[in-house]
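Chains A and B are the protein sequences, given in the same order.
Letter by letter, the first sequence follows residues 31 to 432 of this note's numbering.
Letter by letter, the second sequence follows residues -5 to 91 of this note's numbering.
For the record, the hints were derived by calculation from the structure and aren't laboratory data.
Hints are not guaranteed to be accurate.
Over the 12 Å line for every Cβ pair with chain B, so calculated as not near, a few chain A residues [claimed, not checked]:
(1) D159
(2) V251
(3) E258
Stretch by stretch, here's where chain B covers chain A in the computed footprint (C-beta under 8 Å, at least three residues) [what the hints assert, rightly or not]:
(4) 225 to 237
(5) 352 to 360
Derived DEER-like restraints, expressed as beta-carbon distance ranges [to be verified]:
(6) F241/A / D(-1)/B: 36 to 42 Å
(7) L46/B / G376/A: 28 to 34 Å
(8) G142/A / A78/B: 36 to 42 Å
(9) A40/B / F241/A: 19 to 25 Å
(10) E0/B / P221/A: 31 to 37 Å
Quick caveat, the model's predicted, so the values are computed rather than measured.
Note that beta-carbon positions come from the ideal geometry of N, C-alpha and C, so glycine has one too.
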Amino acid sequence: MSKVQIMTGNSAAAAAVMLCDVQVVAAYPITPQSQLAEMMSQYIESGELKAEYVRVEGEHTALTVCISASTVGARVFTATSANGLLYMHEQLHWAAGARLPIVMCCVNRGVGAPWTIFNDQQDSLAQRDTGWIQLYCRNNQEIHDTILQAYRIAESVYVPVMVCYDGFVLSHTMMPVDIPEQEGVREYLPPYKPHTILTPDDPRCLNPVLFPNRRADSEGVLRDGYMEMRYKLEAALEKALGAITEASDTFAKRFGRDHGGLVWGYRTEDAELHLVAMGSLASEATLAADALRARGIRAGVTGIRAFRPFPKAAVRKALQGAKAAVVFEKSISYGNEGALCTEIKGALFGTGIEPAVYNYIAGLGGRDVKARELEAAAGESWDDLSAGRREKNTTWLNCVTE
Amino acid sequence: MEKRDENISAMCRPAVGEAGRTGDWRTVRPVIDPTRCIPAVKRKSACFLCWLYCPEGVVKATIPVEIDLDYCKGCGICAEECPAKAIQMVREDQSDE
């Protein structure tokens, strides 16, 4: 029997990692992720989890340890936030390039300078081109379930997965979470089968310098060049679209909870106005959609769960009947607009699906975002559309800009 | 058995200098004085701190100790670590003598 507990997002994540039979955990504490790193060390120290906890001096090393452990065939876990994730940046490339199925929680937090410990999604979005799969969670149950799915996805396509959830908004907020039984999880998540096990009996040079073109190695075997390697990672990310859907569908069948694979919708069947968002902001947007419906506007929410690989086809399908898409996001691609907005526009360009796209930057550095503010902003966008204003500059929600 | 992609990540068997010789950016090179080098003097496997500390793995733990100058970058760590002061770093434009 599964059991329901009232727990924080970080506890929900730790409980999930426990169920995944991880063998090595290396993490460096950083707010708001700290509790998660602490809980993992407690579980291991107390013997509840039979794994190795490697104490490291920083996040760059935390992921390095995970890379090494994964290379010798262990299932590994790490977690970080904000500047810790940025400090890992180089190793993110190494993990993805070596095709290691590492799972990491990114507890989203704004990036310094200036220093903040509160939530936005600038940290993980800044890592979008590292070759990692990025999944965004909207509540604590989804955090828990997404970690179970993440290992299944990562180990089917050999690409690392970042499970992202909002710092404090979710990480430190309690909600009921249904924890499944260990046996069921083991059936859902079979043991990790590495593509390469490095052993003393079979020594290999991993990730040596590659030449631009294909070339025979020291044994005369034709090996890929650098560009072929990069192409294979990209192809694996494309394949991951199917793996994410499969992991989600199989999970729903087995455990009875469906968080939507790539994209989820709320009251979107007849929606003309779509509020588009990721993470907890998308949860808040469902209340705004209800309020807009009460005002007679046919509104719904398109929640983006997978940001990398970006689910272009699913986004097109979701926004097919939309007249307006109002994209709310907790990050900014400086000098342009919100990163999610660019992706949404890119997915729709030239397809004939052409809702007016409006962009709002909201809640940076932990500024509270209320459903009524989302409702007002979406309502304003609807008025803009009615007045024929399809193009508008990015608006900073609830921010003094003059 | 499931067919695996051999090239899923970049790897090769251990081999010397797949990417070309790296010793050519050296400005100083290590020169060993066999009258001071402990393994050479004692005529037995001993010391080998140069081998242990070499970050490039170009020192051979043999008698006499050999350094592969095709790949030695001239960092000087071996000379620093040698307890017998048997290794001198010599400028590339100077002779060994």
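Structure-based check of each hint:
no. : hint                         : in the structure
1   : D159                         : holds (19 Å)
2   : V251                         : violated (8 Å)
3   : E258                         : violated (7 Å)
4   : 225 to 237                   : holds (count 7)
5   : 352 to 360                   : violated (count 0)
6   : F241/A / D(-1)/B: 36 to 42 Å : violated (19 Å)
7   : L46/B / G376/A: 28 to 34 Å   : violated (54 Å)
8   : G142/A / A78/B: 36 to 42 Å   : violated (50 Å)
9   : A40/B / F241/A: 19 to 25 Å   : violated (41 Å)
10  : E0/B / P221/A: 31 to 37 Å    : violated (22 Å)
Of the numbered hints given earlier, the model fails hints 2, 3, 5, 6, 7, 8, 9 and 10; all others are met.
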